[in-house]
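Using the sequences and the hints, build the whole thing.
Protein chains: 2
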Amino acid sequence: MNCQQKYVHYKSLVDHCLERFITQQKPRSLYEPLRYVLAGGGKRIRPVLLLLSCEAVGGKARLAVQAAVGIEILHNFTLVHDDIMDNAGSRRGKSTVHTKWDTNVAILVGDELLALAYRALLQTKSPNIQEIAKVFTEGVVEVCEGQAYDNEFETRTNVTVHDYLCMIEKKTAKMVAVSAEIGALIGNGTRASIVALRRYGQHVGRAFQIQDDLLDIVAEEKEFGKAVGGDLVEGKKTFLLLEALRRARGSDRALLRDVVKNNGGSRRLIPEYRRIYQETGVLDAARCRIEQDIAQAKAELHRFPSSDARAMLVWFADMLLNRTY
Amino acid sequence: MNCQQKYVHYKSLVDHCLERFITQQKPRSLYEPLRYVLAGGGKRIRPVLLLLSCEAVGGKARLAVQAAVGIEILHNFTLVHDDIMDNAGSRRGKSTVHTKWDTNVAILVGDELLALAYRALLQTKSPNIQEIAKVFTEGVVEVCEGQAYDNEFETRTNVTVHDYLCMIEKKTAKMVAVSAEIGALIGNGTRASIVALRRYGQHVGRAFQIQDDLLDIVAEEKEFGKAVGGDLVEGKKTFLLLEALRRARGSDRALLRDVVKNNGGSRRLIPEYRRIYQETGVLDAARCRIEQDIAQAKAELHRFPSSDARAMLVWFADMLLNRTY
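Protein sequence lines, in the order shown, are assigned to chains X and S.
Sequential numbering from 415 applies to the first sequence in my numbering.
Sequential numbering from 415 applies to the second sequence in my numbering.
The hints are simulated quantities; they were obtained by calculation from the structure and are not laboratory data.
Heads up, some of the hints might be wrong.
Repeated chains share a single entry, so a pair holds when one copy, or any two copies, can fit it.
Each computed DSBU-like pair below joins lysine-lysine, with the alpha-carbon atoms no more than 35 Å apart [to be verified]:
no.	residue 1	residue 2
1	Lys-440	Lys-457
2	Lys-440	Lys-650
3	Lys-675	Lys-440
4	Lys-474	Lys-548
5	Lys-440	Lys-712
6	Lys-420	Lys-640
Given below as structure tokens:
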């Protein structure tokens, strides 16, 4: 099996357990939308990373599957509640819970997902279970804090690139780092290897988010699966927009200021925004940051003995770097 | 100290720890409303019960304080999200989070409270920590299920007394039972004493909820702190309304059917509703159920050696029975 095939294998392991994890039917208003969310697909990046991290320190992936399922359920909790807050109508090509059902259902489904995430995690058999649960919990706290900053940024006009990087550290990178750390804890890794894998996850998570921002403007619409430039139309203060605001001058700068001032830009101006991004060099700056983070992530792996799992983690970082959707 | 004074002592212990538990200030949009919620008061029934249960099995309350704080934070999580779903404008005489701030803030504050509840709980030092966290998690799952049933009941016209009792079992009684069970687990109680205290909590929790329904119609407005008959005006399907629907005949029954059909009754008809409740005997039926549950709760305590904590648990059950607000 090559790495891509192995990834598919780990992913299907997670999907299989996830499917069998929710057996209850009633109350229907809770479990029907809940099942709908979990069956909605996704790349399953976090749980696969957890399994690989467990193996990288010499542990058995089999013992980490329940925690992996917990991490994935937790991720889906954040999506359901974030979609309410962002007023998002669809995700992964399907209606969001609060549009298909209503906001009350979506609030409760999110709450239940968070509880079920703990239920899955707590099935893990490990002498480190208390620390594992603590690491998981600190991840949830930071995700909430990150989301709060993200909400605050919507109405603030003075957000800096630094503010943005702190926000994605909490909202995105932390939970990826937590996935790697928990995998290493379940695998009974040494302190040093646990820290190394946490850092690996942090770099990969950060790169992943900036790549997300980048793809929004440079992706091929067909592959991307949604309209390009959506972040600009929504006025989202991404790395690209904030860095371009810092660099642009004259009428170009005025155009970007308008996006911030009006809480969103015009769809027909997207080619113009893209030209400004190109000319101010922020696309290259983003690519550079991503490459740097991926390189730093891979550097954390040097301490590990050569193994299939380590090779997979190298491939995993590169895959996120090269993804086109 | 008499029991009332001791209760105040335990309560202030919880309040003190709760206050010191949240030290963070930023993001302000998260921690300001969060502090507002936790400072909002409340009877602190669940955390005090947890401390008493720990002592009843011979444990030290000091070792259970963090879990008690966790239980109280969890309770506040349910209040913040329930208030959004119920569209409640005020609680304990103060504006609810989603009215003072907005729904997005309230969703996120609730999520963070749930995470902080786990953070507090997981500070507990106990060889039983995995089981404690599992019991806690099953409590959260059932609270969500109970709330889902409660939401479903709003649009259903065929809810039975049995449905209602199953709902409050999950929405209210379970978390009171969990509080007692976790206290006993931290105190390293025997299996039999853990089960007994869980049952005690379950009975007390059920009685507490029916007492709540009863007070809504029989309380003295001055003491109660809010308008009497609110449940009927809102069309809430309480034990009283459902049991009265089963018992009433003729025009009385038609009047109650209207409350269900119109999703709420008229405030000026409250004396009429009260008369029907009186004449159908549902007020007595409720009192009888409460007394039965309180008696069963106290019967669970017989196995415990006489102690201050046991005496407190007896007093605690009676206090809930005799409360007027």
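Evaluation of the provided hints:
Taking the closest pair of Cα atoms, Lys-440 and Lys-457 come within 35 Å of each other both inside a single copy (28 Å) and across two copies (32 Å). With identical chains, the CA atoms of Lys-440 and Lys-650 are at most 35 Å apart between copies only, with a shortest distance of 21 Å across copies and 38 Å within one. Proximity of Lys-675 and Lys-440 under a CA criterion of 35 Å is satisfied inter-copy only: 25 Å between copies versus 47 Å inside one chain copy. For the identical chains of this complex, Lys-474 and Lys-548 are neighbours both inside a copy (22 Å) and across copies (23 Å), given an alpha-carbon limit of 35 Å.
For the homomeric pair Lys-440 and Lys-712, the shortest alpha-carbon distance between copies (32 Å) is at most 35 Å, but the shortest distance inside one copy (46 Å) is not. In this assembly of identical chains, Lys-420 and Lys-640 lie within 35 Å of each other by CA distance solely inside one copy; the values are 28 Å within and 62 Å between copies.
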